[in-house]
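Number of protein chains: 2
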Amino acid sequence: MFPEKVFYNLNMGKTGTQPLILTPLNGVPDIQPGNPLAAIILEAINNQNIGVEDNDILVLAQKVVSKTENRFFNYANLKISPQAAELASICGKDPQFVELVLSESVRVVRVAPGLLIVEHHSGFISANAGIDHSNIGKKDLPGEKWALLIPLDADRSAENLKSEFLKATGKSIGVLIIDSHGRPWRIGTVGVSIGFAGLPALVDMRGRKDLYGRVLESTVICAVDELAAAASLVMGQADEAIPVVHVSGFPYPLGNGNLRELLRPKEIDLFK
Amino acid sequence: MFPEKVFYNLNMGKTGTQPLILTPLNGVPDIQPGNPLAAIILEAINNQNIGVEDNDILVLAQKVVSKTENRFFNYANLKISPQAAELASICGKDPQFVELVLSESVRVVRVAPGLLIVEHHSGFISANAGIDHSNIGKKDLPGEKWALLIPLDADRSAENLKSEFLKATGKSIGVLIIDSHGRPWRIGTVGVSIGFAGLPALVDMRGRKDLYGRVLESTVICAVDELAAAASLVMGQADEAIPVVHVSGFPYPLGNGNLRELLRPKEIDLFK
Numbered sequence: 000m001f002p003e004k005v006f007y008n009l010n011m012g013k014t015g016t017q018p019l020i021l022t023p024l025n026g027v028p029d030i031q032p033g034n035p036l037a038a039i040i041l042e043a044i045n046n047q048n049i050g051v052e053d054n055d056i057l058v059l060a061q062k063v064v065s066k067t068e069n070r071f072f073n074y075a076n077l078k079i080s081p082q083a084a085e086l087a088s089i090c091g092k093d094p095q096f097v098e099l100v101l102s103e104s105v106r107v108v109r110v111a112p113g114l115l116i117v118e119h120h121s122g123f124i125s126a127n128a129g130i131d132h133s134n135i136g137k138k139d140l141p142g143e144k145w146a147l148l149i150p151l152d153a154d155r156s157a158e159n160l161k162s163e164f165l166k167a168t169g170k171s172i173g174v175l176i177i178d179s180h181g182r183p184w185r186i187g188t189v190g191v192s193i194g195f196a197g198l199p200a201l202v203d204m205r206g207r208k209d210l211y212g213r214v215l216e217s218t219v220i221c222a223v224d225e226l227a228a229a230a231s232l233v234m235g236q237a238d239e240a241i242p243v244v245h246v247s248g249f250p251y252p253l254g255n256g257n258l259r260e261l262l263r264p265k266e267i268d269l270f271k
Numbered sequence: 000m001f002p003e004k005v006f007y008n009l010n011m012g013k014t015g016t017q018p019l020i021l022t023p024l025n026g027v028p029d030i031q032p033g034n035p036l037a038a039i040i041l042e043a044i045n046n047q048n049i050g051v052e053d054n055d056i057l058v059l060a061q062k063v064v065s066k067t068e069n070r071f072f073n074y075a076n077l078k079i080s081p082q083a084a085e086l087a088s089i090c091g092k093d094p095q096f097v098e099l100v101l102s103e104s105v106r107v108v109r110v111a112p113g114l115l116i117v118e119h120h121s122g123f124i125s126a127n128a129g130i131d132h133s134n135i136g137k138k139d140l141p142g143e144k145w146a147l148l149i150p151l152d153a154d155r156s157a158e159n160l161k162s163e164f165l166k167a168t169g170k171s172i173g174v175l176i177i178d179s180h181g182r183p184w185r186i187g188t189v190g191v192s193i194g195f196a197g198l199p200a201l202v203d204m205r206g207r208k209d210l211y212g213r214v215l216e217s218t219v220i221c222a223v224d225e226l227a228a229a230a231s232l233v234m235g236q237a238d239e240a241i242p243v244v245h246v247s248g249f250p251y252p253l254g255n256g257n258l259r260e261l262l263r264p265k266e267i268d269l270f271k
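Just so you know, the sequences run in chain order A and B.
Per numbering that gives the first Met the number 0, residue 0 is the first one in the first sequence, and the count goes up by one each step.
Per numbering that gives the first Met the number 0, residue 0 is the first one in the second sequence, and the count goes up by one each step.
There is no bait here: all hints are sound.
Quick list of in silico lysine to aspartate or glutamate cross-link-like pairs, DMTMM-like style, CA-CA up to 20 Å:
1) A:K271 x B:E118
2) B:K92 x A:D268
3) B:K271 x A:E266
4) A:K92 x B:D268
5) B:K166 x B:E52
6) A:K271 x B:D268
7) B:K137 x B:D29
8) B:K144 x B:E68
9) B:K271 x A:E118
10) B:K78 x B:E143
11) A:K161 x A:E68
12) A:K271 x B:E266
13) B:K271 x A:D268
14) A:K92 x A:E118
Ranges between beta-carbon positions, derived for each pair:
15) A:G113 x B:Q31: 47 to 53 Å
16) B:D152 x A:I89: 36 to 42 Å
17) B:P28 x A:T168: 37 to 43 Å
18) B:D93 x A:P28: 54 to 60 Å
19) B:G113 x A:T168: 41 to 47 Å
20) A:P264 x B:P28: 41 to 47 Å
21) A:D93 x B:W145: 52 to 58 Å
22) B:W145 x A:T168: 48 to 54 Å
23) A:T168 x B:E52: 32 to 38 Å
24) B:K137 x A:N54: 33 to 39 Å
No wet-lab data here; the hints were simulated from the structure.
We treat Cβ as the ideally placed atom computed from N, Cα and C, and that holds for glycine.
Construct the entire structure; sequences and hints are all you get.
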């Protein structure tokens, strides 16, 4: 699965001398639509006496960004298309929910009992277009079916937060928005990037020499997804309520990547 | 891609109060076959004044374990089977190298120009059965072609190291052996587990309640792969020479998982 194309090349610094420290922010309250997320996060950081420096990174769970942006959606009145009805009969999910998933997607990748894998408008592939019910804090009244969609443009959400952090602190802080996705071949979810700002998407080691002076042929590291997995580990998934993690010691220079850079186009993917 | 079956269920503690700290060990020398790896690592830890506690974890790059176990292999004299010849003509790799990959594999998953994805005897799926040329420190003399294979049984390698750490320090330390794999859909490699001891493979949140009291339906976290990605970020890939990372603050209780628990059987995988 080595990549055939890489869009971002970084003149790298040297890794390996400082620890990577991921600190969960404990004081972030339940977020409501329209809440000033950046200010709430900075307050939690101050309360926890975490010093924020240039090149630190704040990793946010997708849900907290979606809630701020009021991406709640009541799909109780969605009209069910023939495609949604057919897919629902295969995967066994609520046909209106399937219709909602389709409306967030450009393409169905796989469908099977219990499983609907699609390509989201943003380009990433996941089950149910990243739409979730747990931890959304919205109770279905009669005639309602609430879901929480992912941010409309998570790269832009990250960029906006980065700007607000800069304005408030004077520091250039990377921002990473993550979700938990399942994977082919391996059981269990891992944290992955769905949008970011001020970070390199990929770190290209090709052309660099290895320890023995041999030129590395094909190593491109998806540093931002490695960081997403690391932060996800710290967040947990159920009642821990840790939607934000502060990171210091990221071993690469910050960059200007975006999500599209790390998504493999269909033409060069054997599993799409 | 939610899992249909989970083999390990953990009575979990609560995450989210302590930082996760990943410290690169700087003083690990180039490892030679037969070197006392556990002792070398403990010396590096001491030199760096890292206190080792119960529930800490040591993450090791696959290469350093393979070298210790003398998994160097000269494949210059391998006889090329018709299958290897045919695959080589498709992927454009050295037919003897393809033969070597096949000898380490149970099944070819995909072949395409530049790409040979197989299922390794251990059950994981990756390009080239995890066989690598970079950083192996072996120069091909005339008539030689050296490669470094992954450990015969990486779970057992981890278990042995765990026992040696316990004997030397009196502490129960988790051991994780990782490699960097590419993935469908996303460009770039991320660190993944290929063997471990004293760690939970999966953390099963099903049946737990989310923040709002709703029962989580299908969240099973592959905590060990999230940790692998985190440690891989700290290791880097080229001339940094950081084959070992010390981890404190892993947010889940240590367990007794193994690699097979997190590999999805062919019957329930849509991408094999």
